[in-house]
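Undergrad: Here the sequence shown stands for residues 1103 to 1193, numbered as in our numbering.
Treat the hints with caution; some may be incorrect.
Straight-line alpha carbon distances no greater than 25 angstroms define the calculated BS3-like cross-link-like pairs of lysine-lysine that follow [to be verified]: (1) LYS1153 to LYS1185; (2) LYS1172 to LYS1185; (3) LYS1188 to LYS1172; (4) LYS1105 to LYS1120; (5) LYS1105 to LYS1153; (6) LYS1155 to LYS1120; (7) LYS1172 to LYS1155; (8) LYS1188 to LYS1153; (9) LYS1161 to LYS1176; (10) LYS1158 to LYS1176; (11) LYS1172 to LYS1158; (12) LYS1188 to LYS1105; (13) LYS1172 to LYS1161; (14) LYS1153 to LYS1120; (15) LYS1166 to LYS1176; (16) LYS1188 to LYS1155.
These aren't lab readings, by the way, just hints derived from the structure by calculation.
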Amino acid sequence: MNKSELVKVMAEEHNLSKDEAVMLVNVFFDSIREALVEEGRVEIRGFGSFKVKEYKGYKGRNPKTGESVKVSPKRLPVFRAGKELKELVNK
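Just need the whole structure built from these sequences, with the hints factored in.
TA: Dropping the structure here:
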């Protein structure tokens, strides 16, 4: 399922216009993004949690040329499925 399919399902199941469903989906995802940037963690009980993981910089290698390359430190969002979601998927 992609974002446009999610919008379509929301609109159909809740008798919303497509514009209203788009707005709700955007608010939901924007809220998750903002919380990750500000707080570094979002937990949705029964679904899972998102958190920001920090990676240190390291010295890598360009596989094409063999040249050493400095890889900068970075922060990446990661998702961990909750117990209920894991059980549902594994039925």
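Undergrad: Take the hints in turn and mark each one as holding or not.
TA: We went through each hint and held it up to the structure:
With a C-alpha separation of about 16 angstroms, the suggested pairing of LYS1153 with LYS1185 holds against the 25 angstroms cut-off. For the hint linking LYS1172 to LYS1185, the alpha-carbon distance of about 38 angstroms lies beyond 25 angstroms, and the restraint is violated. About 37 angstroms separates the Cα atoms of LYS1188 and LYS1172, which puts this hinted pair outside 25 angstroms; it is violated. Among the hinted pairs, LYS1105 with LYS1120 is consistent with the structure: their alpha-carbon atoms are about 12 angstroms apart, no more than 25 angstroms.
Taking the CA atoms of LYS1105 and LYS1153, the gap is near 21 angstroms; set against the 25 angstroms cutoff, the hint holds. Between LYS1155 and LYS1120 the CA atoms are separated by roughly 35 angstroms; this puts the pair beyond 25 angstroms, and the hint is violated. Taken as a hint, the LYS1172 and LYS1155 pair is honoured in the structure, with Cα atoms around 19 angstroms apart against an allowance of 25 angstroms. Proposed proximity of LYS1188 and LYS1153 is supported: the alpha carbons are some 18 angstroms apart, at most 25 angstroms.
Distance hint between LYS1161 and LYS1176 is fulfilled; the C-alpha atoms sit about 13 angstroms from each other, no more than 25 angstroms. With a C-alpha separation of about 7 angstroms, the suggested pairing of LYS1158 with LYS1176 holds against the 25 angstroms cut-off. For the hint pairing LYS1172 with LYS1158, the CA-to-CA distance comes to about 11 angstroms; that is within 25 angstroms, so the pair holds. For the suggested pair LYS1188 and LYS1105, the alpha carbons sit about 22 angstroms apart, so the restraint of at most 25 angstroms is met.
Of the supplied pair hints, the one linking LYS1172 and LYS1161 holds, its CA atoms being roughly 5 angstroms apart against a limit of 25 angstroms. Between LYS1153 and LYS1120 the CA atoms are separated by roughly 30 angstroms; this puts the pair beyond 25 angstroms, and the hint is violated. Annotation: proposed proximity of LYS1166 to LYS1176 holds, straight-line Cα distance about 23 angstroms (limit 25 angstroms). Between LYS1188 and LYS1155 the alpha-carbon distance is near 21 angstroms, which keeps this suggested pair within the 25 angstroms criterion.
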